[in-house]
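**Q** Okay, so the sequence shown: first residue is 234 according to our numbering, each after it adds one.
Check the hints yourself; a few may be wrong.
[Claimed, not checked] Dumping the calculated DSSO-like pairs for lysine-lysine here, alpha-carbon to alpha-carbon at most 30 Å:
(1) 479 / 456
(2) 314 / 235
(3) 456 / 430
(4) 409 / 283
Just so you know, the hints here were simulated from the structure itself, not pulled from any lab data. All values reported here derive from a predicted model rather than from experimental measurement.
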Amino acid sequence: MKILVCISHVPDTTSKINFTDNDTKFDTNGVQFVINPYDEFCLTRAMWFKEKQGASVTIINVGGAETEPTLRKALAIGADKAIRINTNPTDGFQVAKELAEVVKKGEFDLVLAGKESADYNGQMVPGMLAALTDFNFINGCVGLEIEGTSVSASREIDGGNEKLSSSLPIVIGGQKGIVEEKDLRIPNMRGIMMARKKPLEVVEPLGSEITTNIQSFEKPAPKGAVKLVDADNIDELISLLHNEAKVI
Numbered sequence: 234m235k236i237l238v239c240i241s242h243v244p245d246t247t248s249k250i251n252f253t254d255n256d257t258k259f260d261t262n263g264v265q266f267v268i269n270p271y272d273e274f275c276l277t278r279a280m281w282f283k284e285k286q287g288a289s290v291t292i293i294n295v296g297g298a299e300t301e302p303t304l305r306k307a308l309a310i311g312a313d314k315a316i317r318i319n320t321n322p323t324d325g326f327q328v329a330k331e332l333a334e335v336v337k338k339g340e341f342d343l344v345l346a347g348k349e350s351a352d353y354n355g356q357m358v359p360g361m362l363a364a365l366t367d368f369n370f371i372n373g374c375v376g377l378e379i380e381g382t383s384v385s386a387s388r389e390i391d392g393g394n395e396k397l398s399s400s401l402p403i404v405i406g407g408q409k410g411i412v413e414e415k416d417l418r419i420p421n422m423r424g425i426m427m428a429r430k431k432p433l434e435v436v437e438p439l440g441s442e443i444t445t446n447i448q449s450f451e452k453p454a455p456k457g458a459v460k461l462v463d464a465d466n467i468d469e470l471i472s473l474l475h476n477e478a479k480v481i
């Protein structure tokens, strides 16, 4: 089985976010970048298939040279090969089209991608990729088993989980549950040294049309001051909830 894992290069969720150029560009100064958490869950599941079933695991990213340390970390976790599509990922459809070309040429059986990236939260790319490649598709996946070409999966829905059956080839939009946090792997020294020798192929983009552009960014308004109300002053509490908070 040939597996392709899509890796997004995203800011660490603890990073302080700022913008430049009149709030039109993200300021990367001082920001630490990591593997998108949803993608890391998928990569860990891919490693399970590699170890249990002998699958080959390739990772892929759409981005500039600055994303290569993130790809090297994924290689250190155990992926066999990395591909970087050399273009700035500014639009979900653009990214999906670039990925689809590699999927078709590489004849992959299983494509694993986080259901969304932790920075823009678009939830677009896995579904678009499945449509462009004519693969089956399951999003919000929290459980995945594959025997031969048969796929058994479960996905999160409102109020519970839904069990599904499908077949390869398939695109999976994964999240926490496809593996648990305790199963995530930290690269060891041997893995880091081996990652330096593993192939990282740079592919030039198709030049896909960008159909969506970011106009500006805006931070959430700061939280207001907290008002404390005595436990026995119910009338004042009701008045504040009705007149100020406007929740009743």
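**Q** If a hint holds in the structure, say so; if it doesn't, say that too.
**A** Hint-by-hint comparison with the structure:
{"no.": "1", "hint": "479 / 456", "verdict": "holds (16 Å)"}
{"no.": "2", "hint": "314 / 235", "verdict": "holds (12 Å)"}
{"no.": "3", "hint": "456 / 430", "verdict": "violated (49 Å)"}
{"no.": "4", "hint": "409 / 283", "verdict": "holds (19 Å)"}
Hint compliance for this structure: hint 3 is the single one not met.
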